[in-house]
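With chain A's structure known, arrange chain B on it following the hints.
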Amino acid sequence: MVNKTKDGDEHANVISKTAKKVIKMRLSDLSKGESAIIDSFTNEGTKLKLMEMGCLPGEKIKVSRHAPLGCPVAIKVANYTLSLRMEEAQTIIVVKYE
Amino acid sequence: MSLRIKVALVGNPNSGKSSLFNALTGMNQKIANFPGVTVDKKTGTCTLVDAQGKNFVAEITDLPGTYSLYPKALDEKIPFQVLCDSANPDYPDLIIVVADGTNLKRSLFLCSQVIDLKIPMLLAINMIDLVKASGLNIDFEKLNASLGVKAIGINARKNEGIEELKREMINAQSTVEADFLDCRNIAPEVVDTLRSHYHFKSNYAAFLIANNYNDITVFKNNTAEKNFVESLLKEKFFDSYKLQAIETLERYKVITKVMEACVTNPLLENKASFSSKIDRVLTHSIWGYVSFLAILFIMFQAIFTWAKYPMEFVDTTFAYTSQWLSGILPDGMLNDLLVNGVLAGLGGVIIFIPQIALLFAFIAILEDTGYMARVSFIMDKLMRTFGLNGRSVIPLVSGVACAVPAIMSTRTIQNWKERLITILVVPLMSCSARLPVYTLLIALIIPDKMLFGFINTQGLVLMLMYLIGFFAALFASFVLKFIIKSKEKSYYIMEMPVYRAPRWSNVLYTMLDKVKVFLFDAGKVIVAISIILWVLSSYGPSSRYNVIEKKYETAFAKTGADSTLLTQQMQSEKLESSYAGIMGKVLEPVIRPLGFDWKIGIALITSFAAREVFVGTMSTIYSVGKDNENLLTVRDKMRAEKNPETGEPFYSLAVGISLMLFYAFAMQCMSTLAVVKRETGSWTIPVIQFLYMGALAYVASLIAFQLLK
Chain A
301 MVNKTKDGDE HANVISKTAK KVIKMRLSDL SKGESAIIDS FTNEGTKLKL MEMGCLPGEK
361 IKVSRHAPLG CPVAIKVANY TLSLRMEEAQ TIIVVKYE
Chain B
552 MSLRIKVALV GNPNSGKSSL FNALTGMNQK IANFPGVTVD KKTGTCTLVD AQGKNFVAEI
612 TDLPGTYSLY PKALDEKIPF QVLCDSANPD YPDLIIVVAD GTNLKRSLFL CSQVIDLKIP
672 MLLAINMIDL VKASGLNIDF EKLNASLGVK AIGINARKNE GIEELKREMI NAQSTVEADF
732 LDCRNIAPEV VDTLRSHYHF KSNYAAFLIA NNYNDITVFK NNTAEKNFVE SLLKEKFFDS
792 YKLQAIETLE RYKVITKVME ACVTNPLLEN KASFSSKIDR VLTHSIWGYV SFLAILFIMF
852 QAIFTWAKYP MEFVDTTFAY TSQWLSGILP DGMLNDLLVN GVLAGLGGVI IFIPQIALLF
912 AFIAILEDTG YMARVSFIMD KLMRTFGLNG RSVIPLVSGV ACAVPAIMST RTIQNWKERL
972 ITILVVPLMS CSARLPVYTL LIALIIPDKM LFGFINTQGL VLMLMYLIGF FAALFASFVL
1032 KFIIKSKEKS YYIMEMPVYR APRWSNVLYT MLDKVKVFLF DAGKVIVAIS IILWVLSSYG
1092 PSSRYNVIEK KYETAFAKTG ADSTLLTQQM QSEKLESSYA GIMGKVLEPV IRPLGFDWKI
1152 GIALITSFAA REVFVGTMST IYSVGKDNEN LLTVRDKMRA EKNPETGEPF YSLAVGISLM
1212 LFYAFAMQCM STLAVVKRET GSWTIPVIQF LYMGALAYVA SLIAFQLLK
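Sequence lines, in order, name chains A and B. According to this note's numbering, the stretch in the first sequence is residues 301 to 398, in order. According to this note's numbering, the stretch in the second sequence is residues 552 to 1260, in order.
Here chain A stands alone, though its shape is the one from the complex:
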């Protein structure tokens, strides 16, 4: 059987040991140029779609830019650029370390 761990817990632990400050937040709250690590998802459907496209817990992401009206947002993940709407970005919990 597959060993189940809660998404991202493992990674959050790794980070908390090396970084001084760990902030959990939504991807939608990051501003342009900010990086973070995917921690978990709050919507099951979006989660599956994003994971299939390589947005896995533990993957590093960077906000490339927002569309002129603030939505959608373009992020850099797994070596390519992905665009998603704000309400979808809200379902991605990320860990920011400073």
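Don't read these hints as lab results, they were simulated from the structure. Each residue gets a CB set at the ideal place from its N, CA and C atoms; glycine is no exception. Treat the hints with care, since some could be wrong.
Computed beta-carbon distance windows for the label pairs [said to hold, decoys possible]:
{"#": "1", "chain 1": "B", "residue 1": "Leu-1242", "chain 2": "A", "residue 2": "Ile-323", "range": "51 to 59 Å"}
{"#": "2", "chain 1": "A", "residue 1": "Leu-369", "chain 2": "B", "residue 2": "Lys-1000", "range": "36 to 44 Å"}
{"#": "3", "chain 1": "B", "residue 1": "Pro-586", "chain 2": "A", "residue 2": "Ile-323", "range": "47 to 55 Å"}
{"#": "4", "chain 1": "B", "residue 1": "Ile-1006", "chain 2": "A", "residue 2": "Leu-369", "range": "29 to 37 Å"}
When the alpha-carbon atoms are kept at most 30 Å apart in a straight line, the in silico BS3-like pairs for lysine-lysine are as follows [unchecked claim]:
{"#": "5", "chain 1": "B", "residue 1": "Lys-656", "chain 2": "B", "residue 2": "Lys-808"}
{"#": "6", "chain 1": "A", "residue 1": "Lys-324", "chain 2": "B", "residue 2": "Lys-804"}
{"#": "7", "chain 1": "B", "residue 1": "Lys-752", "chain 2": "A", "residue 2": "Lys-362"}
{"#": "8", "chain 1": "B", "residue 1": "Lys-804", "chain 2": "A", "residue 2": "Lys-321"}
Computed from the model, here is a short list of chain A residues facing chain B with C-beta under 8 Å [what the hints assert, rightly or not]:
{"#": "9", "residue": "Lys-332"}
{"#": "10", "residue": "Gly-333"}
{"#": "11", "residue": "Glu-344"}
{"#": "12", "residue": "Lys-347"}
{"#": "13", "residue": "Glu-352"}
{"#": "14", "residue": "Leu-356"}
{"#": "15", "residue": "Ile-361"}
{"#": "16", "residue": "Lys-362"}
{"#": "17", "residue": "Ser-364"}
{"#": "18", "residue": "Cys-371"}
{"#": "19", "residue": "Ala-374"}
{"#": "20", "residue": "Tyr-380"}
{"#": "21", "residue": "Thr-381"}
{"#": "22", "residue": "Leu-384"}
Just chain B now, kept in the frame of chain A:
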């Protein structure tokens, strides 16, 4: 006799799958719809020769791009249905997974799913030139060994590696033995029961079907089978979301290991940062819109000016052919049917080709370069307010030229609800066929004056008509947003591909495909309706027709009779007595509140062929020669028309405005309806569209006329 094998191409969007398809099939390809859905199905053939010189014919199907075999959108259901259900008519003998070499990890996810289906397969790693240029090194031997699948590096744009791929297509007849990930472990009882019950070819096919049984024919159409699966899943606490998530994570764990073993230096920053520099301009809050407007401007300038010449050519060729044909054929019904029914109908179809070809050439370039994803990115929020999609902008703007290619271009909108709304509102945009109607009516009712010394009133009204169309489209979509319910979950999550040069062969194939689809699918309906319209407007009850013909026979016989004038008068009288004329009179009580008489009624019916026919019908009704069709003469005749009750000019401001509004809103275009039927798969949507636009037109004209009269 050569052996035939069925080959399916699968891959992520932007993986270069269509380039490979074009490279393999060349001109031996055709385009249709997948059964039951309006998703493009491209099929083609390719001849393979083995070492002994024996020929194989590979029938290649290009499946819609997807990131996973789990369907998330309408078009992603196709790869799942074709590859998992061995009863599907397109179930392949061989699968070629096309991977984007610069995004290998993500591509391997889909590849790993396909491996577990146990169908013979090959992995084509595309864009191998970019992979090499970026310093990435793929160890193909190790990759072959760890996947159990033959991987071939190709550059589909330049035809590199295609011959090797063709050779391997003959050899690849066996399936991978080991599972990439054995999904039986995730849900053993469900997988085993389903496999023994339905003889699915692999554990993974059984597992995928357990997750998506509603999309498989056996379960969709058979309640007993459906109940069996449902109760099985319930009994075993099969939690689809949870199990899919486990599967995805497990697959990526293995893929990460494979990547570490087979690929060195897996970081590719240069290419993307080049795109990022372009994006700084093209998605900028000011320059982004400025450049989009500039691109649109160039596009539509080109469509209008370049399409004009071939359109005029089609027009004159058909006029010449009609003349020639009616000359060599004996006078009579057959002559009339061929020339004014069939030939006129064909001409009405072919005239659209230049615009369709040009619009799709531009759209192919925009898609190919990656710019379309940016259009969507900068327009999405604005368009979403109205229930539309970022990609609805191109169809809406194209609608100003012609709704036919515009509606065909809505296929780039993946979300079904947003695509449907776009299709429904596009015909409200003022297309070029309305222009002759507006020009005639504006000249009739709006005085040619200057406002403030520099604004021409006629020009101003014309612009207002275009704006009315545009705002009506936005308003209608805003309303439809609340009416149309969608079962489909809507995601916007999309890759922004890196900028690349367009593939000219792909542009050419897109143009050809769209022209073919229009000619053979919509064309049939258009020709059929034009023949019906021709019958309606050239035949009437024979008792009335005989009277007219006798009357003019004697008139013609008189010495010194002006035969041209008489012919015009006879045609006018015949039209009045034709079935269309009778319908126009029947219609009169209904359209009287809008200020229209039976003459306009006839024009409304004949305009169904195309809106600009209004002018031609008016010419016939007012006995103006059709041959030297002169806008001024029709205008003067219409201006002289008096209202029989008041004695005032019939075409008052109220009637003119009411009529223009009617033409602005009503769905009077059979070509558009035929294309909507083709794009939505049934007559339901075209009928709804016809009714809602008709109602809108009626109400708008009624209010305008009653207020202004």
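So, going through the hints one by one against the coordinates:
| no. | hint | result |
| --- | --- | --- |
| 1 | B/Leu-1242 - A/Ile-323: 51 to 59 Å | holds, 55 Å |
| 2 | A/Leu-369 - B/Lys-1000: 36 to 44 Å | holds, 41 Å |
| 3 | B/Pro-586 - A/Ile-323: 47 to 55 Å | holds, 51 Å |
| 4 | B/Ile-1006 - A/Leu-369: 29 to 37 Å | holds, 32 Å |
| 5 | B/Lys-656 - B/Lys-808 | holds, 10 Å |
| 6 | A/Lys-324 - B/Lys-804 | holds, 24 Å |
| 7 | B/Lys-752 - A/Lys-362 | violated, 42 Å |
| 8 | B/Lys-804 - A/Lys-321 | holds, 28 Å |
| 9 | Lys-332 | violated, 11 Å |
| 10 | Gly-333 | violated, 11 Å |
| 11 | Glu-344 | holds, 4 Å |
| 12 | Lys-347 | holds, 7 Å |
| 13 | Glu-352 | holds, 4 Å |
| 14 | Leu-356 | holds, 6 Å |
| 15 | Ile-361 | violated, 13 Å |
| 16 | Lys-362 | violated, 11 Å |
| 17 | Ser-364 | holds, 7 Å |
| 18 | Cys-371 | holds, 5 Å |
| 19 | Ala-374 | holds, 6 Å |
| 20 | Tyr-380 | holds, 5 Å |
| 21 | Thr-381 | holds, 4 Å |
| 22 | Leu-384 | holds, 5 Å |
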